[in-house]
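Read in order, the letters of the sequence shown correspond to residues 26 to 166 in the working numbering.
Check each hint, because a few of them may be wrong.
Claimed, not checked - Listed below are the simulated DSBU-like cross-link pairs for lysine-lysine, each with C-alpha atoms no more than 35 Å apart in a straight line:
hint, residue 1, residue 2
1, 84, 57
2, 55, 84
3, 112, 55
4, 55, 115
5, 46, 115
6, 57, 46
7, 112, 46
8, 115, 57
9, 84, 46
To be clear, the hints were calculated from the coordinates, so they are not data collected in a lab. Being a predicted model, the structure only gives us computed values, none of them experimental.
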Amino acid sequence: MPRYALTENEFRTIEPIITYKPGRGRPPTKIKEMFDAILWILCSGAPWRDLPSHYPPWKSVYHRFRYYQRHGILERVVEALMQRASKNRKIQLTLVAIDGSYIRAHRHAAGAPKKTGKPSKKPNKNRLLDVPAAATPRSST
């Protein structure tokens with residue numbers, strides 16, 4: 026079984042929810058493969074174009090994902106899986122924990138310039154000509 030893929034039992038739970046009815050064209054096939062491809066992208070964090078070749082084409086998978094997203098199908102899948110897990114006593118839905126901690130980054134971590142008081146040794150790249158004042162010709166007044 027490929028990584029991040031659903032088992033047959035898991036797929037049977039969500040199969041009635043992940044219907045896909047396009048307006049035109051031939052009827053969709055490979056519903057499980059499409060959903061497994063979506064899970065692979067979501068779990069791996071890879072770009073759509075890096076979808077492995079044993080899945081359907083990445084554009085088809087992306088369009089199916091957007092369809093599921095726009096029609097609220099993904100939320101219904103999560104709700105169904107949570108209800109199933111609660112029924113099997115795998116999770117407790119009454120127990121909730123929220124992490125309120127945060128890490129404050131120093132301003133230098135964000136790329137702000139350092140205030141050292143020393144002049145910069147780097148040449149100014151914003152100037153068109155970096156020529157000393159003595160090398161410029163005098164103007165006649």
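Each hint, compared with the structure:
no., hint, in the structure
1, 84 with 57, "holds, 16 Å"
2, 55 with 84, "holds, 15 Å"
3, 112 with 55, "holds, 29 Å"
4, 55 with 115, "holds, 29 Å"
5, 46 with 115, "holds, 33 Å"
6, 57 with 46, "holds, 15 Å"
7, 112 with 46, "holds, 30 Å"
8, 115 with 57, "holds, 24 Å"
9, 84 with 46, "holds, 17 Å"
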